[in-house]
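*Asks:* So the chains spell out like this:
Protein chains: 2
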Amino acid sequence: MTPQAPTPAYRRLSVEQRRSQLLKAALELFAHRAPEEVSLDDVAEAAGVSRPLVYRYFPGGKQQLYEAALRSAAEELEQCFDEPAEGPLTQRLSHALDRYLAFVDEHDAGFSALLRGGSVVETSRTTAIVDGVRRAAAEHVLGHLRVTEPGARLRMTVRMWIGSVEAASLIWLDEGKEPPVDELRDWLVEQFVACLVTTAGRDPQTADVVRAALTAERADGAVGGLVQRVLPVVGDAGHLW
Amino acid sequence: MTPQAPTPAYRRLSVEQRRSQLLKAALELFAHRAPEEVSLDDVAEAAGVSRPLVYRYFPGGKQQLYEAALRSAAEELEQCFDEPAEGPLTQRLSHALDRYLAFVDEHDAGFSALLRGGSVVETSRTTAIVDGVRRAAAEHVLGHLRVTEPGARLRMTVRMWIGSVEAASLIWLDEGKEPPVDELRDWLVEQFVACLVTTAGRDPQTADVVRAALTAERADGAVGGLVQRVLPVVGDAGHLW
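Protein chains in written order, with UniProt numbering: chain Y, 1 to 241; chain P, 1 to 241.
A portion of the hints provided could be inaccurate.
Label-pair restraints from in silico Cβ distances [as the list claims (entries may be wrong)]:
1. P:E75 to Y:E16: 51 to 57 Å
2. P:D131 to Y:E106: 49 to 55 Å
3. P:P232 to Y:E16: 53 to 59 Å
4. P:E76 to Y:V181: 26 to 32 Å
5. P:L13 to Y:V120: 35 to 41 Å
6. Y:R51 to P:D105: 33 to 39 Å
7. P:L13 to Y:P180: 31 to 37 Å
8. Y:H32 to P:E75: 44 to 50 Å
9. P:E75 to Y:T215: 47 to 53 Å
10. P:Q64 to Y:V181: 38 to 44 Å
11. P:L13 to Y:D108: 49 to 55 Å
12. Y:T215 to P:S72: 50 to 56 Å
13. P:P84 to Y:G60: 33 to 39 Å
14. Y:E37 to P:Q63: 20 to 26 Å
If you are wondering where the hints come from, they were derived from the structure by calculation, not from laboratory data.
None of these values were measured; they are calculated from a predicted model.
Note that beta-carbon positions come from the ideal geometry of N, C-alpha and C, so glycine has one too.
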């Protein structure tokens, strides 16, 4: 669309519709490019509007658009771990990771640039948004563990796992999205089980959580499969127990 | 010291000595405050020199000083994981983590600000330095696993653990350095063992690494202790194997 020939759609949108149309265009661009490689002209072109119109809605320019897009992406990410409290824990985590990894897959370049940091659009506000997502994800996971007052070790374990999921996501993007996403998801669930069981050895609250969670797991589920694959590897180390 | 009354030390230092004196003063300040809270005047005062002298050595001002201090800190951090290839793997990791956590302890506020991001001094150069430390640490750990050509899963596992160690360090600082550093170290070593064993269930190369590493572990060592503490927790879950 050119300013000379506005289509009816150009005029028909309400303020809120226009704002969300611009935001959607920005999010799409920021998802697949580093923030440095996205200009306001790109956003205007992608939304089929003029650059002045973008400025009218986002007077703060690219920085404001980036933060608005990030806030919208953060809301989506926070919902990833909002899974019904039904079924075995590993199954719930699998569903949550399916959504999380689909998000990473869809927002690959932007996700990488955001978490790697050092970008011109990064501020204490953008890092606070990212940290908010981490906290929300941790709260959801702790909710699935049915703990109302999680102690320091349990909270730390969950945050450590979230840190390792982030690291894995970044490397997964670097490695051309290998291994396949389903494999990565199952592996990350197993890592969670392993980290939680390890902490259970040092923390009575986590031990109770693990005992309760294991009763709901099935032999043909994630934990059963993990045990079956790991036992042959550690079976020769009888000198340790 | 005031500019009016320079002490002999002010003139006696060589260019290199003066530079490293300024760097040391800067590093000390950046270690305990967020970069936003450190001014060039602070550095000049801490080093007992005038502000113009700091500018003579670091014409790029605070940004250049910060990057130089960060580079010097990065070198120290990279050496943390450079541990002689002797003794059980968990013992080597313990020694490396002792040094790493001592660094985190000594540079608490700066470490937090750096890894949290969003600071005005953060650029693609500073994030590249941080990423270089992560890569170097991963190389050292892979070296201790005696693997010359680590596959994707093994590399990912090591980087995931490094991601979780970073997350743990940040939370440890937030929580007033609790649990005590020795306990945190042992716990992180156990988390590494758990992550590695989990990956071993899915990756033949990692399985070989685990088998070889376990033969060198002792019953009264980290792995033996982990097994003894964890078995009672998972003992009731016989329905899973």
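*Asks:* Could you tell me which of the numbered hints above are not met by this structure, giving the numbers in increasing order?
*Replies:* 2, 4, 6, 7, 8 and 13
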